[in-house]
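Visitor: The lines below spell out each chain.
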Amino acid sequence: MKVQEWMDSIVKEEENEKFLEGGRDFINDEEIEKLLQKNRNPEPQRVRDIIAKSLSLERLEPEETATLLNVEDEELWEEMYRAGGEIKRSVYGDRIVTFAPLYCSNFCVNNCQYCGFRRENDLQKRHRLTLEEVRKETEVLVSLGHKRLVVVYGEHPISDADYIASTIQTIYDTKVGNGEIRRVNVNAAPMDVARYKILKEVGIGTFQVFQETYHHETYRRLHPSGIKSNYQWRLYALHRAQEAGIDDVAIGALFGLYDWKFEVMGLLYHTIDLEKHFAGVGPHTISFPRLEPAVNTPLVEETKYRVSDRDFKRLVTVIRLSVPYTGMILTAREPAHIRRDVIPVGCTQIDASTRIGIGAYSDSQSEQELERQQFQIGDPRSLDEVIRELAQMGYITSFCTADYRCGRTGEHFMEIAKKGKIHYFCIPNAILTFKEYLEDYASPQTKEIGEKVIQEHLSSLKDGIKPKVEEYLQRIEKGERDLRV
Amino acid sequence: MKETYEFEKWIKQIEEKVQGLYREEKLGVIAEEIYSRYGVRVWFSEILGKRWSHIAGWGGYDPTPIHQILLSPRYGVTIGGDEIPEAEREALLSFIKKELPN
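Order-wise, the sequence lines are chains A and B. For the first sequence, position 61 (counting from the first letter as 1) is numbered 61 according to our numbering, and the numbering increases by one without interruption. Here our numbering runs 1000 ahead of the position in the second sequence, where the first position is 1.
Everything labelled a hint here was simulated from the structure, so no lab data went into it. Source: prediction; values computed, not measured. Ideal placement from N, C-alpha and C gives every residue a C-beta, glycine not left out. Treat the hints with caution; some may be incorrect.
Stated by the list, open to error - Coverage of chain B stretches by chain A, computed from C-beta distances (three or more under 8 Å per stretch; other residues unrestricted):
1) 1031-1045
2) 1059-1071
What the hints assert, rightly or not - DSBU-like mimics (lysine-lysine), calculated; alpha carbons at most 30 Å apart, straight line:
3) B:1050 / A:478
4) A:313 / A:421
5) B:1050 / A:197
6) B:1098 / A:175
7) B:1050 / A:468
8) B:1050 / A:418
9) A:466 / B:1050
10) A:452 / A:466
11) A:419 / B:1009
12) A:136 / B:1050
13) A:18 / A:276
14) B:1050 / A:276
15) B:1050 / A:447
To be verified - DEER-style ranges, computed between Cβ atoms:
16) B:1074 / A:21: 33 to 39 Å
17) A:460 / B:1019: 44 to 50 Å
18) A:31 / B:1074: 42 to 48 Å
19) A:470 / B:1074: 31 to 37 Å
20) B:1015 / A:21: 15 to 21 Å
21) B:1090 / A:197: 49 to 55 Å
Go ahead and model the full structure; you've got the sequences and the hints to work with.
Guide: Printed below as a string of structure tokens:
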């Protein structure tokens, strides 16, 4: 099929219609601007009442989020940072889930002005991994200790749903010693329901689509051509995924394209609309990448909406307070010192040992090569280094994939998360998978501090489950793997 | 003997109750019945590669050692705990298999 023919076959507006109200989508730019304007200079008591609501694990309403976004008082921000950390601990416990991205193809029909993969970027070296190359990349990642991946693809007929499904099957089939990838999340272009069903069949983890910017006019300007120029096709991508039976979906915005406060509001409205249409099942995770330099992409340097480090921490905090029960992903776009500062306000997942060049894990190149990357990463540290630092901060690193392999998905998962009980499962399984990592992959230094962290976390377990976890730990030491509750 | 009769009667009652229901509703009723009888949480999943995708039933908030049982290449059940007597468990699983869509 020719590229244009393929592009014409993708968008099916009728699949969005049932979700629109009077032909309009759920992002009302004027209303958002008005709310942000109206809630300026909030009273401290009003802010504290909203923080209290977040602490009770209730999702905030747009007006409340707009209020938090307008706080200027540094002391109130400190209270919000603390509340963010408290919410994260109460819902998920002191554990951080770790994964690695695997970029499979950088061919793209779109022309996003901020993206190194954009069609008109002649300096980008294009490649689509063969399935053999996917297997080699996976072997490297498994050898490092990874159990979770997010696979990434440009939007192009040569990386369509069938190719994506084949790569995922290849990843799942790859084993190295005790190791294997147990969960593959997908970051790919929006699809129609039929194509999502192809992905559903191979057992994907979460399907991610980031809106990039929720601001209609900015979106239009930055996506001048290609399928991605259709705002609503992208906005309802995850509604259609849920329609197809993919019940773990993830949203995100690329911060730096428009006003960060507006984008946080957009993420909240997106959450609310998914929850409204799918029995309370909103996003499984929210991502908040900041714009980073990319080869031959001047827009990144020119944007007037660049988000400062201070505002970045603030926006992460407000997302945490607005949607207390949802996972939050902080990627290696951010340098180590920012991650150290921001993880404690509520992040639940990070990537590590990240390389985003196509085929970059299995080649011998140790430096980043911008001409085959979508952007430049800020934290290139190894998985072992990241885990050691997390352990020094008191966090247990989790490779747990138990929930999605035993039917705690979608509504079932959300029910537990919204009640703040998911850590009852997360912490035991985090301990068990961390132990596997320490036995199979850790450096001696990481193993030493890791064992201490396990002991600290064991004491926090409920009496009913603690003996079982202790028994499982002994069995892992004797060579058993993949034990879980 | 009396116990066997009572168990069979219970299965018969569920069979009647779930007649004509959709897959999700049917499995939801079965999960509730199992919880009422044994105090054991079970939930059903559609198996898609490594993913067990939730269909119906409920696991509760307390972690317990779980047993994942294949009902067919497409469906599985997760059982929390060991409280279902061995003798009834097999018959129960056979009944559930019969109720699953092909």
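Visitor: With reference to the structure, classify each hint as holding or not holding.
Guide: Results for each hint:
1. 1031-1045: Our answer is that it holds, as 3 residues pass the Cβ test (under 8 Å) against chain A, meeting three.
2. 1059-1071: holds (count 8)
3. B:1050 / A:478: holds, 25 Å
4. A:313 / A:421: holds, 26 Å
5. B:1050 / A:197: holds, 16 Å
6. B:1098 / A:175: Outside the cut-off at roughly 35 Å; violated.
7. B:1050 / A:468: Answer holds: residue 1050 (chain B) to residue 468 (chain A) is near 24 Å, not above 30 Å.
8. B:1050 / A:418: holds, 25 Å
9. A:466 / B:1050: Cα-Cα ~27 Å, so holds.
10. A:452 / A:466: holds, 16 Å
11. A:419 / B:1009: Outside the cut-off at roughly 37 Å; violated.
12. A:136 / B:1050: This hinted pair holds, its Cα atoms lying about 20 Å apart.
13. A:18 / A:276: holds, 13 Å
14. B:1050 / A:276: Between residue 1050 (chain B) and residue 276 (chain A) the Cα gap is close to 29 Å, so the pair holds against 30 Å.
15. B:1050 / A:447: holds, 29 Å
16. B:1074 / A:21: 33 to 39 Å: This hint holds: roughly 37 Å between Cβ atoms.
17. A:460 / B:1019: 44 to 50 Å: 47 Å Cβ-Cβ, so the 44 to 50 Å window holds.
18. A:31 / B:1074: 42 to 48 Å: holds, 45 Å
19. A:470 / B:1074: 31 to 37 Å: holds, 36 Å
20. B:1015 / A:21: 15 to 21 Å: This hint is violated: roughly 43 Å between Cβ atoms.
21. B:1090 / A:197: 49 to 55 Å: violated, 34 Å
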